[in-house]
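**Q** Here are the chains, one letter per residue:
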Amino acid sequence: MTTPQSCDALVIGGGVNGLTAAAYLARGGKRTLLVEARAAAGGLCETAPLSDGALGPMAAHAFYALDPRVLKELKLARHGLKFSVRDAPLSLLRGGADRLVLTRDVRASARSIATHSKSDAEAWPRYRNEMFALGRTMRALWWNANGKFVADGVVERIARTGAAAWLDSWFESDALKALLAFNASLLSPLESGSALLLLWRAAQEMCGLQAAVAFAAGGPGALVTALMKACEAAGVEIRTNAEVTELAIQGGRVVGARLSTGDGVTAPLVLSSLSRHTSLSQLANRAALGLAERRALNDKFPIAEAKIVLALDGLPEVRDTAGAFNGGLIFAERLESYVLAHADARAGRIPQEPIMEVTIPSIADPDLAPQGKHVASVLVRSVPREIPGGWSASKATFAAKALAQLDSRIPGLVNRVIAAEVLTPEDLSTRYHTEAEDLDVSRMLAPWPQRVQTPIENLFLCGADADVAPAISGRAGRIAATIAIGKH
Amino acid sequence: MIDTLRASAFHARTAAVNRSNAWGTRNNVTLPTVYTNANDEALAARTRVALTDLGARWQLMLGGPRVIELLRTLLTRDVIALSPSNALKALWLADGGGVRGAAAVARFGKESFWLLSASPDVEWLGMAAAYFDVSVRDISAERCGLAIIGPYAGVTLEAAGVQSNLEPLAFRKVSWRGLEVLLSRFGEHGGYELWCAADDGVMVWDRIVRAGAAFGIEPVGTIAMDVLDIEAGIPRPHRDYVPAIDGSASEPSPGSLGLATLVDPEHSSFNGRKGFLATAKGETWRLAGVELDSDCAAPHTALIADGRVRGRTLSSSYSPSLRRAIALAQLEKLDRQGTRLSLTLPPSIDSTAICVVQATVADLPFLANPDSCAP
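If you're matching them up, the sequences are chains A and G in order. Residue 488 is where the first sequence ends in this note's numbering, and the numbering goes up by one at each step. Residue 375 is where the second sequence ends in this note's numbering, and the numbering goes up by one at each step.
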């Protein structure tokens with residue numbers, strides 16, 4: 001029998017949050033080991049080859065919530081992280097030539113909105129200012145390990161309001177409401193509290209700009225490369241192809257873990273970037289949990305995301321005066337489209353009208369595809385996590401429906417496809433060892449320790465489940481490491 | 001789901017003797033609140049023999065190879081050493097240590113247990129049983145029970161032809177002139193309980209009433225039973241406290257309800273143990289009694305001393321045995337026996353004046369079990 005490896009802190013999962021947590025723990029003086037089940041770290045931030053040398057973002061494709069403190073403190077720019085787009089516009093493409101483009105320029109955005117509704121164009125600057133101001137206030141809670149929610153009438157009202165009702169109270173045009181609702185589309189816009197997701201997005205910052213969307217040069221994998229270098233600089237040991245099969249728990253306290261390689265690791269501190277369900281229900285002995293906690297872990301979130309990555313032999317002829325194709329293109333006809341998509345997904349059906357976000361990162365970052373060619377990344381929101389008969393039987397139907405939607409919004413794009421990778425929720429789950437996270441709005445106003453700490457002593461969550469809302473941010477990793485170091 | 005009211009198995013008999021025609025419901029079972037006079041009924045339980053319908057008890061049969069594992073996780077006292085035909089009393093707690101329920105748990109066989117509780121917690125028990133693949137059968141409607149309490153309870157049973165020699169917290173099967181019944185001693189007020197199939201309920205009632213006639217047996221309604229509860233210092237769910245509903249709740253804590261004796265801190269695996277131990281350390285409330293300088297009951301009223309609220313009363317009633325109003329109370333831990341407090345009586349139908357009365361903190365129980373002076 002081999003002697004178990006010993007370290008001060010074990011981090012499970014080498015996604016962005018896991019790498020961030022490991023770097024912070026090592027910087028805090030802990031001998032840190034990070035174990036990753038896959039052959040390479042990175043998790044959902046993967047840039048993989050498609051064909052003809054094209055590189056595509058296989059899961060996450062844009063950054064909108066990266067923790068600026070993580071970027072600064074881990075010196076990720078010095079470790080090579082660059083952004084090809086720092087403030088991408090957000091556009092809505094509907095049937096026909098109907099288009100709406102929102103950019104940093106409030107006047108230009110208002111002009112675009114005015115083609116749909118003059119009163120919405122007037123309301124837009126007020127809405128933006130109010131949400132930005134509230135968002136900045138909420139950073140005290142959402143960005144700090146010891147932040148506490150200070151009762152605020154407006155925020156409390158938002159936390160009880162559906163995104164649909166909130167947007168209806170501000171705007172009248174279907175186009176603007178459909179575009180903005182994408183930021184809250186992890187939940188149905190009718191769901192109480194889903195408006196809080198709009199506020200959460202408004203609180204984020206990218207490249208020093210509030211509520212910006214950015215693309216990493218070289219694809220999302222570039223963030224992982226920079227984080228790996230930060231981990232290396234901090235002295236983190238990273239083991240890949242090492243899946244944790246079981247947590248070792250003694251007297252209600254975690255003391256290490258057993259790996260798929262057969263090795264054991266002893267660590268008085270364990271941070272898991274896996275989901276709450278996997279960490280507590282599969283890796284830990286359920287008997288160590290309370291009955292209510294066990295019941296909560298049984299609730300599976302029925303709605304997930306899918307991904308389609310396309311290699312294109314060129315871009316179709318499209319009029320793009322506002323630079324919309326440099327950013328995120330949202331396909332949603334109206335606010336009700338989200339409601340219907342959620343209802344379909346909840347019922348285990350592929351939505352009639354899938355809600356999609358398309359990016360073509362190769363426009364701003366030509367290195368992602370050979371000369372004259374392009375890569376398109378399609379995120380499909382609100383698809384069923386599980387589907388009757390299994391996803392493999394419905395994959396072709398799903399892809400056909402999504403591509404038909406794509407072709408109707410950007411005519412000629414589908415004819416340019418030379419290679420396609422379709423990743424259903426099942427594929428994403430298998431490929432990245434992830435599962436659809438349950439988003440409980442009430443937890444968004446809870447202090448960080450409530451999400452980070454677990455009933456098992458010295459076991460902390462540092463993944464998307466610990467974050468305020470699921471996103472590639474690294475914030476959960478940073479804050480979980482801070483809390484864990486403070487407690488240990 | 002709309003809960004439907006149901007009649008107890010003894011309804012035909014209780015209706016016949018319920019001269020005041022006063023009815024109430026407990027756990028959706030219709031029961032007499034007062035037969036003739038609540039004070040007389042409470043005194044009968046202390047001086048003679050009283051009979052009360054246990055139809056509102058929530059009864060479960062739990063069985064399966066992992067039933068011990070379930071009960072060790074669920075209950076605050078360890079059933080592992082419990083031998084067949086014996087019972088223990090315990091609580092079940094939410095993850096955070098809040099009291100969700102209290103029960104007597106009796107062991108039938110190696111893998112079967114009988115759980116009796118004053119208040120149902122279907123969702124929690126069902127969920128816990130599912131984790132351990134334990135079968136749960138609600139027998140509340142198919143089995144009924146009668147409590148026979150008071151100093152002459154034993155002799156009444158003997159007169160009816162049932163041997164009454166039984167240790168507290170024990171039960172045994174009895175073949176009783178053609179009826180299969182269970183005789184138990186689980187009650188907080190001493191005495192005995194007889195359990196039988198619902199169809200046999202009326203016959204059991206008749207036999208006990210006939211045998212007890214010589215000892216002045218009297219049926220007792222729920223109000224008189226509440227008086228006995230308060231005298232004995234027993235808090236009840238939904239009357240004195242709201243059980244924890246949230247699965248992670250830490251309140252009400254066992255200590256604040258005077259139920260900490262039903263928790264075995266040495267029992268290492270019960271749900272909510274960590275929360276219980278954490279709360280027990282910083283417990284600021286305790287359950288106590290207060291004797292009012294008045295005959296008027298004052299339920300759920302603030303208790304004040306030196307201009308500061310020191311606690312509150314829970315259920316309150318006039319005690320015919322003590323000849324004054326008494327109340328269970330949640331008080332600050334520092335308030336000891338003899339501390340004088342004041343409280344404001346609510347206006348009543350015959351007096352609109354607001355009346356401030358004095359009260360004295362008393363240790364519980366006010367009075368011991370009714371059969372403690374058994375001849």
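I should point out that these hints are in silico values taken from the structure, not numbers from a laboratory. Treat the hints loosely; a few may be bogus.
[Unchecked claim] To list a few chain A residues with every Cβ distance to chain G over 12 Å, as calculated:
1. Asp105
2. Gly218
3. Arg286
4. Ala292
5. Arg294
6. Arg295
[Stated by the list, open to error] Heads up, simulated DSS-like pairs for lysine-lysine below, C-alpha to C-alpha not over 25 Å straight-line:
7. Lys148(A) x Lys72(A)
8. Lys173(G) x Lys487(A)
9. Lys281(G) x Lys333(G)
10. Lys487(A) x Lys89(G)
11. Lys274(G) x Lys89(G)
12. Lys300(A) x Lys72(A)
[Stated by the list, open to error] So the derived label-pair ranges between C-beta atoms look like this:
13. Ser169(A) x Thr352(G): 31 to 37 Å
14. Gly95(A) x Gly64(G): 55 to 61 Å
15. Lys110(G) x Ala399(A): 55 to 61 Å
16. Gly389(A) x Ser83(G): 49 to 55 Å
Keep in mind it's a predicted model, so treat the numbers as computed, not measured. Every residue, glycine too, gets a C-beta built ideally from N, C-alpha and C.
**Q** Next, verify each hint and record whether it holds.
**A** Structure-based check of each hint:
With a cut of 12 Å on Cβ distances, Asp105(A) stays outside the contact zone with chain G, its closest approach being about 48 Å. Every C-beta of chain G lies more than 12 Å from that of Gly218(A), the closest at about 44 Å, which supports listing it as non-interface. A beta-carbon of chain G comes within 12 Å of the beta-carbon of Arg286(A); the shortest separation is about 8 Å. At the 12 Å boundary, the C-beta of Ala292(A) falls inside the reach of chain G, the nearest C-beta of that chain being 2 Å off.
Separation of Arg294(A) from chain G is inadequate, the least Cβ-Cβ distance of about 7 Å not exceeding the 12 Å criterion. Once the 12 Å rule is applied to beta carbons, Arg295(A) is inconsistent with being away from chain G; the minimum gap is 6 Å. Among the hinted pairs, Lys148(A) with Lys72(A) is consistent with the structure: their alpha-carbon atoms are about 24 Å apart, no more than 25 Å. A hinted pair counts as satisfied when its Cα atoms are at most 25 Å apart, and Lys173(G) with Lys487(A) does not qualify at roughly 56 Å.
A hinted pair counts as satisfied when its Cα atoms are at most 25 Å apart, and Lys281(G) with Lys333(G) qualifies at roughly 12 Å. Of the pairs offered as hints, the one joining Lys487(A) and Lys89(G) is violated, with about 38 Å between alpha carbons and a cut-off of 25 Å exceeded. A distance of roughly 20 Å separates the Cα atoms of Lys274(G) and Lys89(G); the hinted pair therefore holds under the 25 Å criterion. Restraint check: the Cα-Cα separation between Lys300(A) and Lys72(A) comes to about 36 Å, which exceeds 25 Å; the hinted pair is violated.
Separated by about 48 Å at the C-beta atoms, Ser169(A) and Thr352(G) break the suggested range of 31 to 37 Å. Separated by about 59 Å at the C-beta atoms, Gly95(A) and Gly64(G) satisfy the suggested range of 55 to 61 Å. For the pair Lys110(G) and Ala399(A), the beta carbons lie near 57 Å from each other, so the given range of 55 to 61 Å is met. Checked against the given bound of 49 to 55 Å, the beta carbons of Gly389(A) and Ser83(G), roughly 53 Å apart, stay inside it.
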